[in-house]
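Visitor: Per this note's numbering, residue 674 is the first one in the sequence shown, and the count goes up by one each step.
Read the hints as simulated data drawn from the structure, not as lab findings. Since we're looking at a predicted model, the values are computed, not measured. Treat each hint with caution, since some may be false.
[Unchecked claim] Computed cross-link-like contacts, BS3-like style, restricted to lysine-lysine with a CA-CA straight-line distance of at most 30 Å: (1) K1122 - K888; (2) K1054 - K959; (3) K1082 - K1061; (4) K778 - K1061; (5) K1080 - K1061; (6) K1037 - K1080; (7) K1080 - K1054; (8) K890 - K1125; (9) K1027 - K1061; (10) K966 - K1027; (11) K1160 - K1082; (12) K1061 - K966; (13) K1122 - K959; (14) K959 - K1061; (15) K966 - K1148; (16) K1037 - K1027; (17) K1160 - K890; (18) K1148 - K959.
[As the list claims (entries may be wrong)] Listed next, with one range per pair, are the computed distances between beta-carbon atoms: (19) S1115 - R1157: 37 to 45 Å; (20) A968 - R779: 29 to 37 Å; (21) G797 - H907: 46 to 54 Å; (22) T938 - K888: 29 to 37 Å; (23) S1115 - R935: 47 to 55 Å.
Ideal placement from N, C-alpha and C gives every residue a C-beta, glycine not left out.
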Amino acid sequence: MLDNITVTYRSEKFILKFDRCQQHFGMSPVCFQYFQFRNVRNAQEEEKTCAIRKDMQYNDHWAKPDMASSKWDNFLDPSWFDSIHSNIHMGAGYYKTSLNISDIKRNIAQYNIQQTVYNEDIFGPLQNDSIVIVIQIHDRITYLRHLIVSLAQARDISQALLVFSHDYYDEEINSLVQSVDFCKVIQIFYPYSIQTHPHEFPGEDPGDCPRDIKKDKALHLKCNNALYPDLYGHYREAKFTQTKHHWWWKVNRVFNQLEVTRNHTGLVLFLEEDHYVAEDFIHILKLMERTCKDACRHCNILSLGTYLKTYNYYGDSKKKEALRAKQQSKKNIAEVQPSWTFQVLPSLYQHPQKVEITPWISSKHNMGMAFNRSTWNEIVKCAAYFCKYDDYNWDWSLQHISQNCLKQKLHAMVARGPRVFHIGECGVHHKKNNCGSTAVISKVQQVLKSAKRHLYPDYLILNLATVLKKNKLRKGNGGWGDYRDHKLCMSMTIR
């Protein structure tokens, strides 16, 4: 059986690492995507050492995506796989299988039982001061590719553990995730998904009440959940409830079930498939963690992201300089016009060490959010406040816990210069004609390129946010009135 295959591409020799893929998948097409190409100056020497590379932490292999003929140009272009496939003849046995629900459930169970940590042989066991990065994934593979590329370029990423948490089983996504070779990786699969339960709870049961039916009519029809509309009189929609269930399940699993993380006391960072990270995000996260221990002991959440579409890159500059920079920014990025635009203004990155101390607000501080086991242990004590709160949003439910249950409310240290960006234009709530657009991604990359000299600060400057008014206890958004959702959520709680 071949260990690796030498191919020629763009007049240069590369090696396709094939051994581990065959071990897990046999002669299937997924192996071609589970690839690792290396520029070979000395083909014979490279073939002797390509199986395990101890020096992968920070080498030329992980080139920037804007470099000519780099791995990342290819990685982000799915059509490139086709050209490789056509150049490598594997004969019979090259096939793709279509899985039914029973197959998917069996595969999911196997992944969750085995808990395989990929690349642990290369990067060693997880250390307590390492960052665990948990990524919630559905099916948006285009965004996921860009997130993985941004993670690959981050300094010290080789010390991290990536936990990919799926609520949709897809072989192409699996092969993409398993192609990551710059750090340790583990996959977990939410076992109560709509995909695996399409015609029964927690999916859409044919006997469930339609969303907009009136309660008296629902009682007359005797549909399954007639007694349990939400606080706005609507009945559950599975596609909206799944995200909150998945979020709660994955956090419980990471802190309390996975062998590799169940005793980990360091930071756990939560990302989603349509996020994008700056190259110094780990540096900033660790700097914030150290600062909290010395100067903000009541801070229990760190936040690296923002939903603002305008970033001030030179915070305290004069207005004239700000206007000049804004005009120059518009000139530089005029060629790309997505549905909304990032503007590289005179900005916070002139003072990249600024962080803000503020009460945690779900709508502002839920992206690129990190906390440790101590914070989680307090949150999980309030499981009923999360699971029975009539709001289908996990972040609003977490806010409800903070306001109504926690002895010490959630307080965040927020990076004024964001290190996590939201690049998704399509999702549960947003449907557009061109969901494959990379315009927003281009904007983010330009923002980070402009800010590059302001990254990696040596220290942080704390700013206490001015709280203008006390946050009122909020009425939930509904969508979570069904007792079955409450029961499922509570059943996933591990204390």
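Visitor: Indicate, hint by hint, whether the structure satisfies it.
Guide: To see whether the hints hold, each was checked on the structure:
1. K1122 - K888: violated, 55 Å
2. K1054 - K959: holds, 27 Å
3. K1082 - K1061: holds, 19 Å
4. K778 - K1061: The given pair, whose Cα atoms are some 28 Å apart, holds under the 30 Å limit.
5. K1080 - K1061: holds, 19 Å
6. K1037 - K1080: Cα-Cα ~22 Å, so holds.
7. K1080 - K1054: Judged against 30 Å, a Cα distance of about 11 Å means the pair holds.
8. K890 - K1125: violated, 60 Å
9. K1027 - K1061: violated, 37 Å
10. K966 - K1027: With Cα atoms ~17 Å apart, K966 and K1027 stay inside 30 Å; holds.
11. K1160 - K1082: It holds: about 26 Å lies between the C-alpha atoms, which stays within 30 Å.
12. K1061 - K966: Violated: K1061 and K966 sit about 33 Å apart, past 30 Å.
13. K1122 - K959: At roughly 22 Å apart (the allowed maximum being 30 Å), K959 and K1122 satisfy the hint.
14. K959 - K1061: Roughly 34 Å separates the two Cα atoms, so the pair is violated.
15. K966 - K1148: violated, 34 Å
16. K1037 - K1027: Distance ~17 Å between K1037 and K1027 Cα, so the pair holds.
17. K1160 - K890: Distance ~25 Å between K1160 and K890 Cα, so the pair holds.
18. K1148 - K959: Violated, because 35 Å separates the two Cα atoms, which is more than 30 Å.
19. S1115 - R1157: 37 to 45 Å: holds, 43 Å
20. A968 - R779: 29 to 37 Å: This hint is violated: roughly 51 Å between Cβ atoms.
21. G797 - H907: 46 to 54 Å: This hint holds: roughly 50 Å between Cβ atoms.
22. T938 - K888: 29 to 37 Å: violated, 47 Å
23. S1115 - R935: 47 to 55 Å: violated, 40 Å
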